[in-house]
Amino acid sequence: MTPHHSHALTATLALAIAALSFAATTSTQDASKLTGAIRVDGSSTVYPITEAVAEEFSKVATKVSVTVGISGTGGGFKRFCAGETAISAASRPISSSEVELAAKNKIEFIEVPVAYDALSIVVHPKNDWVKTITLAQLKAIFNAGGAKTWKEIDPTWPDRPMKLFSPGTDSGTFDYFKEAVLGKDGKMRSDISVSEDDNTLVLGVSGDRDAIGFFGLAYFEENKDKLRAVPVVDAKGSAIPASAGTVNDGSYPLSRPLFIYVNAKNAAQPEVAAFVDFYLANCNALVSEVGYVALPSELFAKSAGNWKARRLGTQFVKDGKKVDGSFSTLYQ
Amino acid sequence: MMSGRAIATSRRLLKNRLFLYGCLAGTSIAILVLCVLMISIAIEGWSSVSWHFLDSFASRKPAQAGIKAPLMGSVWVCVICALVAIPMGIGTAIYLEEFAKHSRIKRLIQLNISNLSGVPSIVYGILALAAFVRFFGISSSDDHWSIGDSESFFYLHFPFGPSVLAGGLTLALVILPIMIIASQEAFRSVPQSLRQGALALGSTQWQVIWRVSLPAALPTIMTGAILAMSRAIGEAAPLLVIGGFLLVFHTPTNLMSDFTVLPLQIFNWAGRPQGEFHKLAAAAILVQLVVLLVFNSAAIILRHKLQKPLQS
Chain A
1 MTPHHSHALT ATLALAIAAL SFAATTSTQD ASKLTGAIRV DGSSTVYPIT
51 EAVAEEFSKV ATKVSVTVGI SGTGGGFKRF CAGETAISAA SRPISSSEVE
101 LAAKNKIEFI EVPVAYDALS IVVHPKNDWV KTITLAQLKA IFNAGGAKTW
151 KEIDPTWPDR PMKLFSPGTD SGTFDYFKEA VLGKDGKMRS DISVSEDDNT
201 LVLGVSGDRD AIGFFGLAYF EENKDKLRAV PVVDAKGSAI PASAGTVNDG
251 SYPLSRPLFI YVNAKNAAQP EVAAFVDFYL ANCNALVSEV GYVALPSELF
301 AKSAGNWKAR RLGTQFVKDG KKVDGSFSTL YQ
Chain B
333 MMSGRAIATS RRLLKNRLFL YGCLAGTSIA ILVLCVLMIS IAIEGWSSVS
383 WHFLDSFASR KPAQAGIKAP LMGSVWVCVI CALVAIPMGI GTAIYLEEFA
433 KHSRIKRLIQ LNISNLSGVP SIVYGILALA AFVRFFGISS SDDHWSIGDS
483 ESFFYLHFPF GPSVLAGGLT LALVILPIMI IASQEAFRSV PQSLRQGALA
533 LGSTQWQVIW RVSLPAALPT IMTGAILAMS RAIGEAAPLL VIGGFLLVFH
583 TPTNLMSDFT VLPLQIFNWA GRPQGEFHKL AAAAILVQLV VLLVFNSAAI
633 ILRHKLQKPL QS
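Protein chains in written order, with the numbering used here: chain A, 1 to 332; chain B, 333 to 644.
Certain hints may be false.
[Claimed, not checked] Sample of chain B residues with no beta-carbon within 12 Å of chain A, all distances over it, derived: (1) Ile375; (2) Leu443; (3) Ile479.
[Claimed, not checked] Here are a few chain A residues that sit away from chain B, every Cβ distance over 12 Å (derived from the structure): (4) Ala61; (5) Gly69; (6) Gly83; (7) Glu84; (8) Lys148; (9) Ser206; (10) Ala235.
[Stated by the list, open to error] In silico PhoX-like cross-links for lysine-lysine, where the CA-CA straight-line distance does not exceed 25 Å: (11) Lys318/A x Lys78/A; (12) Lys59/A x Lys400/B; (13) Lys438/B x Lys63/A; (14) Lys438/B x Lys33/A; (15) Lys637/B x Lys59/A; (16) Lys126/A x Lys265/A; (17) Lys393/B x Lys63/A.
Source of the hints: derived by calculation from the structure; they are not laboratory data.
Everything numeric in this text was worked out from a predicted model, so none of it was measured.
A virtual CB, placed ideally from N, CA and C, is assigned to each residue, including glycine.
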């Protein structure tokens, strides 16, 4: 996800301040006396949040050595389930085979959701033909060798060439779009205007009637007046508008929850406990800074409660089987 | 008849000149590419190199970011790697060149070493992950035993985990074949007459090796060591596999410390979306080149010192 220096949403900021004051009274108070090492590894999507948290935490707890790796969600779990890391960051819930591996190695863990990663599909405000869009249409537009004009996608759309905009290929946003829309083996077409700077994308799309692009939902929310987000059609055929609300109730198709998993044995160490406390206290403010969507307050409270009660295991796997249902319903 | 010979001569001379131009072109292309690379990196990175850059830890804000952890990590890992790989490489070469008889086993060993030098470094990373980081899974995470605690400088625990020691040993594996082959070449280039002379005077084999062959071979061995260490300092892939971290907020204090190295930091920064981080990556490359230069000049000075006694 392309990080940018944005202003935190008022709601999340208020929540963060509340949480911060909570944390300050408990464990970060004497953080400077803590020693030891905390190893974090896992998803590169969660990395910007963890990086920011680790950096701020290291300023407070100067004697604790925090190390963060990006082996990817799967690679991170491999190390986590072998007991090599204290915390594993993940852009999907732990899978049943990973739960099995952890059990085999006698590793117990606590699941802590921290944020949402969501994409918005944006067009020019004067674009009055794209009312909704399906994932198949998005694929037809962005796939290598895809359509050149709007008409090729839908005969009722104008016969004009499309102008495509995308965040940089190194960003998590790009990776997620590729994975969710184009599929594992999909290849993005090359005749796209690519920019690492989200502002350039906003300018590009808002300056051309035939433009279409995508970026993090948080960034669209800040530029609502210049752009229009296209509702995305879900698997059942209903068009879901992109908003924090539809992301929260799990109905918006282009969003996914992000997690950290904490090794229960390590959670008993004061420095690890302090780190996770610090993570939860600050993640909402930092989540918006790096372009993700903060969890809604109830869900966040559930997540923090999970951690505080040191509730073991995952909500997504029961008796070795994957539990169906969206993230928010499982966590209600 | 005469003219035919003249044509043949001029053709030969032409061939000679073409060959010279070909060689010149090859050399200048190599140097040109290197120059373009160095200059573009220097232009991009120079402005970011400062004392602050060397003395701060990583940050998500480019202006505050520095390379203290990866710089010290690289130094630790490379020193460990040199201490392990160089004596081991020389030892192996001594055995193969001075002791081992020509046999099928020697040929087999020789073939394997040559093959190993061509194995991609990431494969060594996978081996090292199993061997050093996890000890083949013999000891589970619960009952690993240790010497000292994490505060003491001699702290050791088994298995090693993703520590500087494991990193150094991994790189030692990567460069060991290069080191052995270079040392063997060095011993082979020592004239047989020197050894025979020493043996004729009644020296033991140990005396021959220690007083004659090794000093004569050492300058060439050092050249091999420089090449091998230059490779080690630039490796990122095997360290990534054994679990080298990207973001570290401390410098190593003992052999069991977690670490990151310059190539990993460069990899991390170069992959960032923001342009400021690319500048930092270029600056880190400059620092890495300087570190490499320091290592190599130390080896060259050492070589110079060692060369003198034989010349007199």
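Consistency of the hints with the structure:
no.: 1; hint: Ile375; verdict: 20 Å, holds
no.: 2; hint: Leu443; verdict: 34 Å, holds
no.: 3; hint: Ile479; verdict: 17 Å, holds
no.: 4; hint: Ala61; verdict: 10 Å, violated
no.: 5; hint: Gly69; verdict: 4 Å, violated
no.: 6; hint: Gly83; verdict: 3 Å, violated
no.: 7; hint: Glu84; verdict: 7 Å, violated
no.: 8; hint: Lys148; verdict: 28 Å, holds
no.: 9; hint: Ser206; verdict: 20 Å, holds
no.: 10; hint: Ala235; verdict: 31 Å, holds
no.: 11; hint: Lys318/A x Lys78/A; verdict: 20 Å, holds
no.: 12; hint: Lys59/A x Lys400/B; verdict: 15 Å, holds
no.: 13; hint: Lys438/B x Lys63/A; verdict: 52 Å, violated
no.: 14; hint: Lys438/B x Lys33/A; verdict: 58 Å, violated
no.: 15; hint: Lys637/B x Lys59/A; verdict: 46 Å, violated
no.: 16; hint: Lys126/A x Lys265/A; verdict: 56 Å, violated
no.: 17; hint: Lys393/B x Lys63/A; verdict: 22 Å, holds
In this structure, the hints that do not hold are numbers 4, 5, 6, 7, 13, 14, 15 and 16, in rising order.
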